[in-house]
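Participant: The residues making up each chain are set out below.
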Amino acid sequence: MIAQYLANGIVLGSSIALGAVGLTLTYNILNFANFAHGSLLSWGAYFAWLVVLVFGGVQSTIGPLSFGWPFILAIVAAALMASVLALVLDWLVFRVLRKSNIQVTLVIASFGASLLLRNLIVVVFGPEPQYYSDNIQIAQPILPGVRTTPDELFVVGLAVVLVIGLHLFLTRTRLGKAMRAVSDNASLAQVSGINVHNVVRWTWVVGGSLAAVAGVMFGLTVQILPDMGFNLLLFLFSAAILGGIGSIYGAILGGLVIGIAADLSVLFISPAYKPAVAFILMIVVLLIKPSGILGEKVQ
Amino acid sequence: MSQNDIVLRVDNVEAGYTPGVPILRGANIEVRSGEIVTVLGPNGAGKSTLIKAIAGLVPIFGGKVSLLDKDITGRPPHTLVREGLAYVPQVNNVFHRLTVEENLEMGAFTRKSGIARRLEETYALFPDLARLRKHPAGKLSGGQRQMVAFGRALMVEPRLLMLDEPSAGLSPKLVGMVFDNVKQVRDTGVTILMVEQNAKAGLLISDRGYVLAEGKEQLEDRADALLKNPEVGELYLGSKGGLL
Amino acid sequence: MTGIVSYLVFFSILASIYSLMSLGLNLQWGYTGLFNIGVVGFFAVGAYTFAILASPPAAGHIGGFNWPFLAALIAAMIATGIVALIVGIPTLRLREDYLAIATIGIGATIQLIANNMNWLTGGPNGIYNIPQPLSAYFSSNLGYNVFFLVMIVVILLLAYWSLERIVHSPWGRVLMAIREDETAASSVGKSGFSYRLQSFVIGSILMGLAGALYASFIKYISPTLFMPVLTFQVWAMLIVGGSGNNRGAILGSVLVWALWTMSGSVVQAILPSTLQVKGGAFQIILIGLVLMLVLLFRPRGIMGSRKAVVFAGESKTVSGE
Amino acid sequence: MKSRRITSSLVASAIMGVAALAPLAVQAKCTTTIGSVMALTGSLGALGQSIAKGAELAVDTVNKAGGVNGCDLKLSMLDDQTSPAVGVSAAKQLVDIHQVPAIVGALSSGVSMAILTSVTAPGKVVQISPSSTSPSFTELAKSGKTGGYWFRTTPSDALQGVAMAKLARENGLKRVAVLYLKNPYGEGLAGKFSEYFKKLGGKVTASVPYNPKQPSYRSEVSSALGGDPQAVFLIGYPGDGTTVAREWISSGGPQTFLLPDGLESQKFVDDVGAKYMKKVLGTAAGSVNTPSLKTFDSDFQKQFGNPPTQAYMTNAYDAVMVIALAMDKGHGTSADTVKNNIRGISGTAGTAIYAGAGQYEKALKLIKEGKRIHYVGASGELTFDKNGDVSGPMAIWTLKDKKVVQDRMMSVSTINKVLMKR
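Protein chains in written order, with this note's numbering: chain P, 91 to 389; chain X, 2 to 245; chain Y, 5 to 325; chain V, 7 to 428.
For the record, the hints were derived by calculation from the structure and aren't laboratory data.
What you are looking at is a predicted structure, and each value in this text was computed from that prediction instead of being measured.
Glycine included, C-beta positions come from ideal geometry on N, C-alpha and C.
Worth double-checking, as some hints may not be accurate.
Derived contacts from chain Y toward chain V, CB cut-off under 10 angstroms, selection only [what the hints assert, rightly or not]:
no., residue
1, S10
2, F15
3, G130
4, S139
5, Y141
Looking at chain P on its own, in the form it has when it is part of the complex:
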């Protein structure tokens, strides 16, 4: 039984991890808690749904998966469209407010933006949940006591691929290193000749894309819903802080820990308290190590 919950937790955790990475990137570089991040996630899921519809639904399928190549294309398209949305949002709202340099104004504005974006989905796509495919995959035993669906394995696999890709991007490419530099110390990056505004734009692209992919993952394994991103936001924040805010690897670890802990908790307490597990865990970690698991000491 424990193995099954663990497997559930890993599936949940991998999607949370991707969302949390985007959040921690924007949090650290732009220095505010972006409540609109959840809306990027929802919009990403809906963008992909739209593309899938354009291709006439998911008909041909790859192997045991519930979808075909158009869906892979839809993921890429959704990432692009979510990036554009993030850039527009930054240009219209956050860019202007950054100048006034009042952090909480940005937070409240991002909440306003999240209200707006979430309800735009309701207006455009309707409030009902949507699914990429009408087919439901029946979980198959992969290990003794562990049943998963091929789609769930795909989600975990995609998360692993993206995390590795992100790692290579951040440690091997000029832009990736510049992004880490700006996130570490924006003014030092500026005087080193890095165009911080350019990096900020790329941060939105990376964060928005990862949010969109996380949204598609939830859409694939759970449902597509206007509120999905907002409902996940607290999990994402907990994951980012648990891992140490600003630390990309911390966010990944935090996402997995939160996902696994939330699902395992059902063994001990009523599932009704599941959402609280993330927060309690986060606070316990903060009490022991205020900078998070992988966070460095606050100066």
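Please build the complex by placing chains X, Y and V on the supplied structure of chain P, with the hints as guidance.
Facilitator: Leaving out everything else, chains X, Y and V in the frame of chain P:
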């Protein structure tokens, strides 16, 4: 270029964080090629503001800054590196989460080529760094961090290196080491402008110095003259005897 | 005409309840720089404490203590204060933004407890039968509401007056010094932590008081009331009104609450009937838009003090373009 | 000078325009406005937007048949965002500014209760909820605190839980897992079902609550699967309910579903996929014997272009119809007219009146003749007791050719027999 070419000229500059509240009120500074110039002054005199205004980090309201005869007044900071200006801030002057080598690479961000060669040259200048190249800079000691900061700034082979209080917060032993490094850097042909609290140590390695007060330079002289100047002595030691 | 008056009285009562919360938040954020986004949790503690103590017996959960109004109100404030202490002692030592996420989690946890600890809170069914003070003496609904409004305005003025007194006292000046620069404040011997804790607890008590008054006025509370959106309503009120200014906090509460409730009618009047069912979504879009426009054009709020809202911590936000 | 002339000519033409319209205005009938507070956004938003259509259809039907007392019926609908604070404020606006005598709503028990205790009961305005099932309302009414202004067109949870327990046992199920939404509806229904399922000799293998709007329901489903159930009693609404059902199927749970009225929704069945629901045993308040449901279905299809696929749409429709008929019966539009005449147009005495414009016209005629009528709604018989509750038989529904169909009834006496069981 001869020894007396002017690398940096700050002409009657007014600058500050809030419009209408200038901290610099018409400051004039000149730095010639190959010099080490130190700017001294009491707390709140505007020393750091001066250096940040030159680097493009503080808005300039009036006056002119030229680097190698090119007007750079009010240019965004990231564009100045390409003009040959490097700057080492007083605090937080390394990327904590990046390795030493990545810190140096970030210094060379604007370079298109010759990064590997320049890395080797920097390691040659600071052999300690070669050993620590894979370590995150945030985990290094204060003195090592200062070396990384210097190294990062030097990666672009700048014409002018600006240092904001390089000795701040270091133990006396390390202060000596840092100023040795400064001299070493100058000997590779880099012109240096620094702001320093530790007037004596700063002036000892400098060619010239300025004393800044109330947002304007009050004194300008050769470093050895300033060291003996009773006014400077009074400012720092409270006695009329000069710093030596 | 009486209809409009009656609605205005009702509106003002709710706006005053929100004002109490935003005054509490203003003490925490505007004067001390504490980023509390768990407002709803403290509101809930006040509301439930009051409801459990003041109500007559009911099946399914503890209660039936029938406490008098004033005693239950004070108990609600004390209970909220204790919860704030428990929350504040570990989290106020953390960085501002960590405190923010920790408090939002605590707010959500308190809501879950309200929904799931049936023996204590009545669970999803909530607590009904909450008494209103002196309601037996009034025959008309409007008459009673006017009385309630007078009572709550007196409480609000009392809170406003006390807050003005304390923020302009030496104690308040220490708070502001802490907000501006903690190291400077602690170097003159003031323990930042203890002052922050005091401010956090007092602010939270005001939120608990608001919760108790809400429970008493509406006579019914249930977990659906205590959703995170309420916290953001209160923040929007403070930011729109202007943080660091107690009058701004009250003004913002009235304006934002008016926008929140009346935008429904506006949207209903504008939209064609085919889009009516989506009116709610348009309403929220409108709220989001107004919120963002205010922030874009008046980032310090309508009456904000210039200094008060600048973020207390070191900012490394990218400047200029 | 010139501009003034233009202005005055504009004013003159405007007056003439109004004068030209005046005969029309005289012909256009008076309007009677009733209010509605529904969740159009927030956690019940998806449900609410559908239910609202049921109420709108009723308003249309009434107006097609000549309106209320000869006046057009208008429905002022405000969103409560599924939040009690916003809901009470919306209700207060309707009562004070729009001066409505009756409010249809709210949907969630939490919002309905807050409106009842703070707006409608003290303000002496009729409130009829189409979907609030919490037993607390009955308690409040018993204590006299509703003033008799509270009604609901859906029965309390108690009846349905009993009916479902009976239905499950009739179909030979011994071990059932319960997955329920943690709100008054889910908790009430799950509790009643478990209680009576055990009394009837069944075993509840697991009773697992779930919170709305969770990012994933895997672990809830996993723990409900423990104990090897033969079927799942899934309580909730489309949306989260859909996701839980898909998760259940995906995790390999038995594809026998016990479903309450909240999930009696074609959309739910379509989204989950009928092919995965081998056996569906559904209960819902109402009666399949009345022609009202068929009229409602076809009118709805005509009006909105798609069939009604959601529980409580009929209850919202009936709420509006009951208000309109009560106003006709009492020849007035005040709240007390509605309150005092609701029982005069429902119950079992008099000529049966069904849904639809034609039937409404018939009702008007009978009222004029001074005859008794009793409205049989699209949601069922609608006999309001002294607490404003309706009781009645339960309809049993299932899937036929992937469509939700009600195929038989469980009578009041059958349910009562189970209730008596010790």
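Participant: It remains to establish, for every hint, whether it holds in the given structure.
Facilitator: The hints, checked one at a time:
1. S10: Given a least distance of 5 angstroms, the restraint on Y/S10 holds.
2. F15: Nearest chain V Cβ about 7 angstroms off; hint holds.
3. G130: holds, 6 angstroms
4. S139: holds, 9 angstroms
5. Y141: violated, 14 angstroms
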